[in-house]
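Undergrad: For reference, the chains in residue letters:
There are 2 protein chains.
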Amino acid sequence: MSKIKSFMRKTSKTASISTTSPIDNTSLDTLSKIDTSVTTPANTPIEQTRWNGWGNVSINKKVSPHGAKLIKSHIGKTKKLSSVSLQKVLKTVPKSRLPAAMIELDTVSVDNEVRLRHARGQSFPDWIAMHGGDFKVFPDGVAHPQSTADVETLLKLASEYDLIVIPFGGGTSVAGHINPQKGSRPILTIAMSRMDQLIDLDIESQIATFGAGTQGPAVEAQLNAHGYRLGHYPQSWELSTLGGWIAARSSGQQSLGYGRIEQMFAGGTLVTPQGVLNIADIPASAAGPDLREMMMGTEGRAGIFTEVKMRVQSQPEEELFKVVFLPNWEAGKEVLRQAVQKNIRLSMLRLSNAVETDAHLHLGTTPSQFLAINTYLKARGLGSQKVMLTYGLSGDKAQNALALTQFKNLLKQHGGISGKLANLMGKIWSHGRFKFPYLRGTLWEKGIMVDTFETATNWHNIDEQMQQMQAAVQTALADEGEAVMAFTHISHVYKQGASLYTTYFFRAARDHTSTLSRWQKIKHAASSSLANGKATISHQHGVGRDHVPYLTAEKGKLGIQVTRDMLKSLDPEQRMNPGVLIE
Amino acid sequence: MSKIKSFMRKTSKTASISTTSPIDNTSLDTLSKIDTSVTTPANTPIEQTRWNGWGNVSINKKVSPHGAKLIKSHIGKTKKLSSVSLQKVLKTVPKSRLPAAMIELDTVSVDNEVRLRHARGQSFPDWIAMHGGDFKVFPDGVAHPQSTADVETLLKLASEYDLIVIPFGGGTSVAGHINPQKGSRPILTIAMSRMDQLIDLDIESQIATFGAGTQGPAVEAQLNAHGYRLGHYPQSWELSTLGGWIAARSSGQQSLGYGRIEQMFAGGTLVTPQGVLNIADIPASAAGPDLREMMMGTEGRAGIFTEVKMRVQSQPEEELFKVVFLPNWEAGKEVLRQAVQKNIRLSMLRLSNAVETDAHLHLGTTPSQFLAINTYLKARGLGSQKVMLTYGLSGDKAQNALALTQFKNLLKQHGGISGKLANLMGKIWSHGRFKFPYLRGTLWEKGIMVDTFETATNWHNIDEQMQQMQAAVQTALADEGEAVMAFTHISHVYKQGASLYTTYFFRAARDHTSTLSRWQKIKHAASSSLANGKATISHQHGVGRDHVPYLTAEKGKLGIQVTRDMLKSLDPEQRMNPGVLIE
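As you go down the protein sequences, you meet chains A and B in turn. 1 is the number of the first residue of the first sequence in full-length UniProt numbering; add one for each residue after it. 1 is the number of the first residue of the second sequence in full-length UniProt numbering; add one for each residue after it.
In short, the hints are calculated from the structure, not lab data. Check each hint, because a few of them may be wrong.
Heads up, the list lumps identical chains together, so a pair's fine if it works in one copy or across two of them.
Once the Cα atoms are required to be at most 30 Å apart in a straight line, the calculated DSS-like pairs of lysine-lysine come out as [what the hints assert, rightly or not]: (1) Lys-378 / Lys-62; (2) Lys-557 / Lys-568; (3) Lys-88 / Lys-69; (4) Lys-182 / Lys-136; (5) Lys-557 / Lys-156; (6) Lys-534 / Lys-156; (7) Lys-397 / Lys-342; (8) Lys-79 / Lys-397; (9) Lys-495 / Lys-342; (10) Lys-88 / Lys-568; (11) Lys-557 / Lys-80; (12) Lys-420 / Lys-69; (13) Lys-435 / Lys-95; (14) Lys-446 / Lys-521; (15) Lys-69 / Lys-427; (16) Lys-80 / Lys-568; (17) Lys-80 / Lys-378; (18) Lys-91 / Lys-77; (19) Lys-88 / Lys-61; (20) Lys-61 / Lys-568; (21) Lys-420 / Lys-77; (22) Lys-495 / Lys-397; (23) Lys-412 / Lys-72; (24) Lys-342 / Lys-427.
Note that the coordinates shown come from a computational prediction; the quantities given were computed from them, not determined experimentally.
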C-alpha cells in the first residue's frame, strides 16, 4: 500500500449554489438551509479496495451453506483456484515507456502498484488475470488530473508523444473497457478519481455540476447535504463514477423512477484529441442530432468527460422497497408489463424467475427460515413455480400511496402474495443491494465461478430470448461434460420491453487458463443467442472489448460505419482507447 | 387542380396485429376486438390544401375585430400585400432537368403544379415567395414512393444521375427544410405521402410500425381504431408527418405526458445513399452511442425514413384541458416549475405572459365576453399583470384525480383563479388547438404579418432569455420607425427548464421584398438574442436553412464538425438536402 505515491490535492473548491430569486417560501427556505461549505465527501481511496477483486477490503459477504450446496447440486463438487500474491505480480510490471518529460509531471505516476491497480477491471477475464497473475499488459503510467485543463494538457502531450490513452473511472468495467493492450505506443491511463467534487448546484433548474470522477457514494453525499439526490444506483455504485456511467450508458436499480443515466446527463465537458467539446445543458432541442446522445456510450473512444451537468431531484419524501411472490413467471411478467404500461408510479420493478427465486431464498436464508417462507407460501398456493418480485416506491407520499394501491390491485389480480414478508424482505434487499458483488469473491474462494450476462428486448420477445439465453448458457460446456447453472431476472422495465439479467455458475477447471476457456465458451454461447436486431448486447454494462464481436448484429454494418466515422472525427489518430466499442 | 397526375396506389396492406399469448383477459379481450381490416384512414390529398398558405382549403379562422384592433394599436394601420394567382406562378416553372429515364418512372411526376406544390414550406420567406410569386427554384420532379424498396431505387438513380434529393413529409417546415436551391445538379423531391399506413401493431410491446409519410390525423385514426394512440400533437398535426417529426425532432402539445418525438420513436428504416440503415427497436441499450438519437434531427441530410416503429399507448380513460389565471408571470412560472419538479402527472402545461394573455382574450372573445372575463378576474384581484395558464390531464382517472388535487393546491398557493371559467375555456382551447395556424392567413389578408420564434432554456435563465428575445424583436425595426408587437408563452416544461414561444406582429411593407427584409431583421435579432450554449435555436421546429447561421452558438465548432462528419459517412457525395442543418 505504502508504495502508492501520495498526490497532493489542490485546495478543494466550494460548490457554488446558484438560484434566481425564487418567489415561494419553500425554495427560499431550502436555499437558506444550504451549507455551502460542504465539500468533504470524496471518493474511496484506491488503496482501500481489493487489488484482485471487488470492493472495499474491509467488506465481506458470506454465502449460506445451503445456498452453496444448492449450486453444487447443479454443477458438482468444486475445487478452489489458486491466487497469486500482489508482490509476485508487482515483479512482472515492466519498466515504463513514458517519456521522461511526462514522468516528471506532478499528475503522472509510474509506480508499479499504481500501474497494476489500473490495469484490470472486474470482468471474468480480469479476475482470471488477477488471480492467475498473468496481467499481460500494464499501463506505462497513470495520470490523476484535477481539472479539465489538466486533461487538456495530458491529451496534448499524448499527441506529442504518440501515446495510447485509456480513461479510467472507478475501474468497475465488466466488459474490458480499461485494459491496456499490447502495442508499440506507450499507454497512459488517465484516472479521474481526483475530480470528485460538486462544483455547482443550480437549485432552480435542478442541475448539479460534478467532477466526472465522482463515485456513487460521493455523488449522493454531496447532493444529500443540500437536500437533493441523483438517484442513480447501479450495483457497482460503491466504486463506479459519473463519467463511467455516462461513457458506458449505465442504468441504476431505480431507473423506472429516476431514469437511466441518459435521462440524467444534461451536458458537460468532453476533452477530445481535437479540443474541448462543450455539450450545452439545454432542456430539449430540435436543433439536429443530440450531441449528448452521440457522446454517451463512446466508452473513451471520443474523449474524456471531465465536468458533467446532472439533472438532480429533491430527496423523496418516502422510499420503500417490498418483495412479493406470484404463482409463476407469466403472472409476474404480466404484472410488470401492465404496471409500466399503465403508468403506475413505481421506482423499481424486478422479477426473478422460478430458479432464481429458489436460489435467492437459499442464498439469503438459513434452512429454517427457508422452510418457514416456503411453508407460508405453499399454504397460499405458491409452489415450485413461484417467482419473486421486488418493487420500490420513491417520491411524494400521496403519489406513492396511489401507486401502491394500484399496484396491489394488479398483484391481487395475478395471484400475488405478500403478507408480512413484503416489508421485511424489501428491507433486507435494500440493505444488501450493493453487497451482491462481494458474493463473487466468496464463491470464488469455494471454486464456484459466477458471472452474469444481460440484455434487453421487447415484451413480445422476452420469453423466447430468456429461454434461448439460458439454454445457450446451460449447454455451453456440454463438450466437457460440465453443467452450468443459470437463472434470470428482469431488472429494468420499459413500456416497450425489459432487460434480462442472467446469472450463471460453473466449476473452476484445473487451472486459470482452462477456467477462462470455459467462460469464453459460455460467453460466446450467450452472446450468440441474441436475436439479431431484437436484443442488445448490453443493456447496462457497455461494449468494452468483450462485446465488440457481437455489436454488428445489433447496429448493422452501416450503423457500425457511421459510429466509427463519428469517433474518428474527434480522434483521427485513434489514440483514445482503441479496440474498445468498435474495432 | 386537375393537372395533378393521379398516382395509382398499390393495394393497401392490412396491418398485422401481433401479440404473444397474453395471459390476462384484458389483453385477450382487446385482441379479439381488433378489426384488422381497418386501413382506410389516409393522408389529406395535397389538392385539398392551400397552394400558397396553411391547411385545408375549406377551413378558415376568423379574427375578432377587437383582436385585430389591439394588434393595430401596437403596430399602426396596415395595408394588405398583393397575392399572385396560381396560374401566374405556374408559368414560371421551368422545364424539368430530370433524365428521361426517371421521368418515365411511375413514381415520378414532372407536372408543373406538382413541382410547384412541393417547392415551398410554411416559413415566412415561403409565404412571401408564394404570395409574391417569386419561387426562385422548383424541384425538377417529385417522386411518390410507396415502399422502402421504391426509395432505395430512387436513391440509386439519384446517385447514377447525380441528383440532389429533398425528402418531403407534410411540407409544413417553418425553417426552410424542403426548399430547392439553385445549382447545376437536377433536384428530385421525394414526397412520402403515399406511405401513410399502419403496417404492424405489436400490442404486447405497444409498438406500431407506420409508413413514415403518415400525417397526424391518419396516425391517430389508424391507432384509435385499435384502442391506441401515439399522443403527438404539434400545432402542424393536420398535415405534418411521422417522418418529418422524427427528422426535425418535433414536440407536441402534450409532450409533458406523452413525451417528445424522441421518446416515441423506437427505431425503423432509414434509406441512405450508402444503403439501408435499420435502427433496432430495442427498449434500451448501453451498446454505444444511440443510433436513434444520431439519426433523429438529421433533417434529410443522412437519408429518408421510410418505415418507423413508434411507441404507442392505450387511449386514455379521461382527457381534460383547463384554463386558469394567476396574478403575474412569476407566480405562473413558479407553478409550472414546481408542478414538473414535483412529478405532478399532467399532460400539458402552458403559460402565456401578461401581454399574450390580454391578446388571446381579445382574439378569442367578443368585447362583451372580454369585459365579463376581465370583470370576473378583477373582482378576484387579478389585474393587468394576470397570466393565463392552460393545463391538461390525460390518462388513468385515479392518477388524473390525484394530479388535479395536487395541482389545484399548487395553484391556490400562488393565487390561481379558475372557477367556472376553467373547464369552458379549456374546452374552447382544445376545440381550436389545431386551428391557430389558419389565423396567419386571416391576418395576412389584413396586412398584419405574424411569425413566431421559439427556444428552450433552463429555469434559471428563462426570464432573462424571454426579456432579451422580446426586446430584440420589439426593437428590430426601429431603424424604419416600425413597431413590432411581441408576446410569449411557455409551451413545454421539463424539470430542468422550459421552452419559450414568442409570437410577433409587424406591418407589411410596400411590397414583398421589403416586407421580407423586415422579417429578416426581426429573425436575426431574435436568433442573436440567444445566450450562447444556454438556449437552443429551436426547441421544436428544427434548423432547416433559416437557423443554420446560429447553430454554432449552440453546438460549438467541434459539435458542428462531428455532426457534419457523421452525416458525410452516410452521404459522402452530399446529395441529400445539402445546406440544410449544417453548411
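Undergrad: Taking 30 Å as the upper bound on the Cα-Cα distance, should Lys-79 and Lys-397 be classified as within, between, both, or neither?
TA: neither (51 Å within a copy, 59 Å between copies)
Undergrad: Quick one: Lys-342 to Lys-427, C-alpha cut-off 30 Å, is that within a copy, between copies, both, or neither?
TA: both (26 Å within a copy, 26 Å between copies)
Undergrad: Please work out whether the CA atoms of Lys-557 and Lys-568 approach to 30 Å or closer within one copy, between two copies, in both situations, or in neither?
TA: both (16 Å within a copy, 16 Å between copies)
Undergrad: Which holds for Lys-69 with Lys-427 at a C-alpha limit of 30 Å: within a copy, between copies, both or neither?
TA: within (26 Å within a copy, 66 Å between copies)
Undergrad: Within a copy, between copies, both or neither: which one fits Lys-435 and Lys-95 at a CA-CA cutoff of 30 Å?
TA: neither (37 Å within a copy, 74 Å between copies)
Undergrad: Checking an output row: Lys-88 and Lys-69, CA cutoff 30 Å. Within, between, both or neither?
TA: This pair counts as neither: shortest intra-copy Cα distance 34 Å, inter-copy 89 Å.
Undergrad: Which holds for Lys-88 with Lys-61 at a C-alpha limit of 30 Å: within a copy, between copies, both or neither?
TA: within (27 Å within a copy, 84 Å between copies)
Undergrad: If the cut is 30 Å between Cα atoms, do Lys-91 and Lys-77 qualify within a copy, between copies, both or neither?
TA: neither (34 Å within a copy, 89 Å between copies)
Undergrad: My question is about Lys-412 and Lys-72: at a cut-off of 30 Å on alpha-carbon distance, are they close within one copy, between copies, both, or neither?
TA: For Lys-412 and Lys-72, neither the intra-copy (36 Å) nor the inter-copy (64 Å) Cα distance is at most 30 Å.
Undergrad: Go through the copies and call it for Lys-80 and Lys-568: within, between, both or neither, with a Cα cutoff of 30 Å.
TA: Neither way: Lys-80 and Lys-568 sit 45 Å apart in one copy and 54 Å across, limit 30 Å.
Undergrad: Should Lys-495 paired with Lys-397 be assigned to within, between, both, or neither, using CA atoms and 30 Å as the limit?
TA: both (24 Å within a copy, 19 Å between copies)
Undergrad: Give the relationship of Lys-80 and Lys-378 under a CA distance limit of 30 Å: within one copy only, between copies only, both, or neither.
TA: neither (37 Å within a copy, 83 Å between copies)
Of the numbered hints listed earlier, those contradicted by the structure are 3, 8, 10, 11, 13, 16, 17, 18, 20, 21 and 23.
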